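Peer 1: Protein chains in written order, with the UniProt record's numbering: chain A, 1 to 481; chain B, 1 to 481.
Since the hints were derived computationally from the structure, they do not count as laboratory data.
Here the structure is a predicted model, which means the values were calculated and not measured.
Don't be surprised by glycine CBs; every beta carbon is placed ideally from N, CA and C.
Computed footprint of chain B on chain A; a stretch qualifies when at least three of its residues, placed anywhere within it, have a C-beta under 8 Å from a C-beta of chain B:
no.	region
1	120-129
2	137-150
3	189-200
4	217-226
5	328-336
6	345-359
Here are the computed lysine to any residue pairs in the SDA-like style, where the Cα-Cα straight-line distance is at most 25 Å:
no.	chain 1	residue 1	chain 2	residue 2
7	A	Lys-11	A	His-375
8	A	Lys-253	A	Ala-231
9	A	Lys-470	A	Leu-429
10	A	Lys-470	A	Ala-128
11	A	Lys-253	B	Glu-197
12	A	Lys-253	B	Glu-221
13	A	Lys-396	A	Arg-62
14	B	Lys-253	A	Ala-102
15	A	Lys-253	B	Gly-224
16	A	Lys-396	A	Leu-117
17	B	Lys-11	B	Ser-37
18	B	Lys-11	B	Leu-29
19	A	Lys-11	A	Gly-63
20	A	Lys-253	B	Asp-204
21	B	Lys-253	A	Pro-202
22	B	Lys-470	B	Glu-60
23	B	Lys-253	A	Ala-100
24	A	Lys-11	A	Arg-380
25	B	Lys-396	B	Arg-477
26	A	Lys-253	B	Arg-222
27	B	Lys-253	A	Gly-203
28	A	Lys-253	B	Ala-102
29	B	Lys-11	B	Gly-300
30	A	Lys-396	A	Ala-467
31	A	Lys-253	A	Arg-339
32	B	Lys-253	A	Glu-103
33	A	Lys-11	A	Ala-28
34	A	Lys-253	B	Gly-203
35	A	Lys-253	B	Pro-202
36	B	Lys-11	B	His-369
37	B	Lys-396	B	Tyr-57
38	A	Lys-253	B	Arg-201
39	A	Lys-470	A	Glu-88
2 protein chains.
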Amino acid sequence: MDETPDQKLPKRYEALADEIAASIRSGALRAGDRLPSVRQASAARRVSPSTVFEAYYLLEARGLIAARPRSGYYVTAAQPVAQQRMPEPAQPVGEVQAVAVAERVQQLLGLARERDLAPLGSAFPSPALFPLATLSRALGRAMRVLDPWRTVEDLSPGHEGLRRQIAIRYIGAGFSLDPAELVICNGAMEALNLCLEAVTRPGDLVAVESPCFYGALQALERLGLRAVEVATDPRGGVDLGSLAALLERHPIKACWLMPNFQNPLGSLMPVENKRALVALLRERGVPLIEDDVYGELYFGERRPPPAKAFDEAGLVLHCGSFSKSLAPGYRVGWAAAGRHAQEVARRKLMSSLSAAVPSQEGLAEYLRHGAYDRHLRQLRRTLADGQARALRAIDKHFPPGTRVTRPEGGYFCWVELPPAVDALALHRLALSHRISVAPGALFSADQRFRHHLRINYGHPEGGRTEAALKTLGQLARSLCG
Amino acid sequence: MDETPDQKLPKRYEALADEIAASIRSGALRAGDRLPSVRQASAARRVSPSTVFEAYYLLEARGLIAARPRSGYYVTAAQPVAQQRMPEPAQPVGEVQAVAVAERVQQLLGLARERDLAPLGSAFPSPALFPLATLSRALGRAMRVLDPWRTVEDLSPGHEGLRRQIAIRYIGAGFSLDPAELVICNGAMEALNLCLEAVTRPGDLVAVESPCFYGALQALERLGLRAVEVATDPRGGVDLGSLAALLERHPIKACWLMPNFQNPLGSLMPVENKRALVALLRERGVPLIEDDVYGELYFGERRPPPAKAFDEAGLVLHCGSFSKSLAPGYRVGWAAAGRHAQEVARRKLMSSLSAAVPSQEGLAEYLRHGAYDRHLRQLRRTLADGQARALRAIDKHFPPGTRVTRPEGGYFCWVELPPAVDALALHRLALSHRISVAPGALFSADQRFRHHLRINYGHPEGGRTEAALKTLGQLARSLCG
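Whenever a hint applies, use it, and build me the whole structure from the sequences.
Peer 2: The structure is reproduced here in structure tokens:
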């Protein structure tokens, strides 16, 4: 076994700040509530006053609390606002649909990569949030000593040490994963595509969320599959009653779902729902393709388990990636495909042989010696702060009647504008102001969600997101008619 | 435009040696022929005697000539032997076939990666032949100065500078390629798969060579396509008369061919045949998927042009890669997909987003500042020598009646054993002697080629290949009955 992964605990003040932030998120502390004085908190917690000071200072920087002169610290107003205005769950009609989204997606997102656009529509968090310099040093070290034979040996299922490191990390999510089940892929996107290929044939029917990650729709389209969209709660994820009814009515061959921090809603399925989902699908013998690329980006106390944690029948094809949490551009993701693991490994070998050796070696080296957990704690905090600031800006600048999700992780929120606002028109208007957004039409096979947007709050640099949201809100107001 | 790629000329003695080697290969110089004396050659060529000495010394090291004391240098016997015993062209019956090879391929090749096996069955040349240290320094340099935004911007179609460098190299093959047509992929394997996807629908019929690269058969299987095998000459590649007849009889939707150094035969289509092939397919509106991964590994004077060089209609989907010529394991290949370029780029984005950024950056940096051409000259010489030695060993040790191809590039030759030798039995027997071979059954949908082997001569270290061929020859003789 390699050295233990970096598990340094957060500093004391950081832990205290995180705890208070969690209370604010859960609603235990509400806007206007006064925090205990530094002296009270110091005594109650048995920490030094300076620890409390530092925690409060951090929370202030994150916009969660504000000091009032000679009065103390108070919870700011941003949080509950959003909570009161959660978008309504979508109620898809349960129709089977052919999928043809690729052109629309390319057209709408093709522009979003231009660097001078404010990237509210981006699919990625800011690359400035990742330890790219440390990673590239790890990459350099690993490649300097690389045994040349490794360049032809590390074929599918991929780098053995890296697979072991990935498996170990799931212990933090409360279950153990067998490294033998893991196949390293060129990012989660390839992993998901291969899993879908492994369990379907052209013409088959696949259940997806509503709204749904456009990448899933593209994959369905590529493989000639049909979609049926399942009602999905902006807070708790896919509705199990609706899913059960659809399974009854239709010959669904697979589900593609994101139980943790769904894209675009940010919804998080309660643990009990995940367990029930796996049981329901097991009963029917329907495989679940689980996209868990945001699982490490939780704002709460600990990593939410994926549905895979409850998979005893090997029917969950779980996919993860380093692209959103550590190493964008390295193109290293994985599938833990249960009883389909061999088939996925074979398809990986047939379709693109293996993931890039430099990327795999660099990541394995970083995970052995790096500070992944420390980086992740910092990243989660930054994203949570980004969310708080974005919600405040939306609250302040968007038209009355706007609703928005308040995810417990990830870097997207889902905005439901007043019905009068045509999101595609807003998208065009925003582009002319050098702001990208992801309009709701991207997230459904039938282009519902006509007055919805997915907003990326993972670009905290220099208040750019808030400025863009202010402009966007004004543009939305101008479209209210 | 970046700095000019490294185009240093070969040293004078290397050029002279290459010229003589070409004369031997072409048959202008035959076994037993005496070379001009050093004095004669020096005068005739206007080079110093020491240049001639060095050239002769090099040719001797390559096994092409031998010194006889007090008599001079003579061409050795290895070359013409093989020429006289070229395998017969296969005559497939032209039946349409479902393809189901994946399990056989995995089973037969799964073992071939164990390091202590003599790798006659390997698909790769020795990793020791590549400038991996120089490459990893280039990778380190590139990553140290990488603008973080590049990690999310270099999505499909891929790194712009790298695409330009790749396009420039085709000038050496006598034509120019538009970088805008290029899509960077995770190796040629992905490029080929995406091209095949782009021009077919499940159930379609695809024409392939006979024998045929098993990777093509696997790709057909993965996509639910059917194969029809075309007679292929071990020397000149696919037979155009047979192909024309099949196009007449069957609704062929695409061809997947390797005009340069075909795997497994090593055949090279004459330039005129390539031109005629493109014209024939254009007439029929049938796209050609061209696998050109060995195109840079020529032993002759200059790079043979790919069929793409004659493509005016945009019907050739040309695929190449650095995996066999420069950077194994980096997983960087490309498709120049003509009129299907946009569709291939879109499919790349949908199925695995982009190739790994570190690999792309490292290769772009190496190509700007490295010595790719110098490396290639060395690599070609090493492979040509390896071939000469392998053919000599086969000539000496294999059973009478053995035939073998003598390719003008690449690192495979195709061996036709006497009909009594069951290649699968020989495969098993060889494994028990820690030698891998690629039995003929891998290279056809209907498992013809029952007494054939593909032999990899790209592992020149320490005479290991020759020793393994000696053992293999003895085992083959023992199976002759």
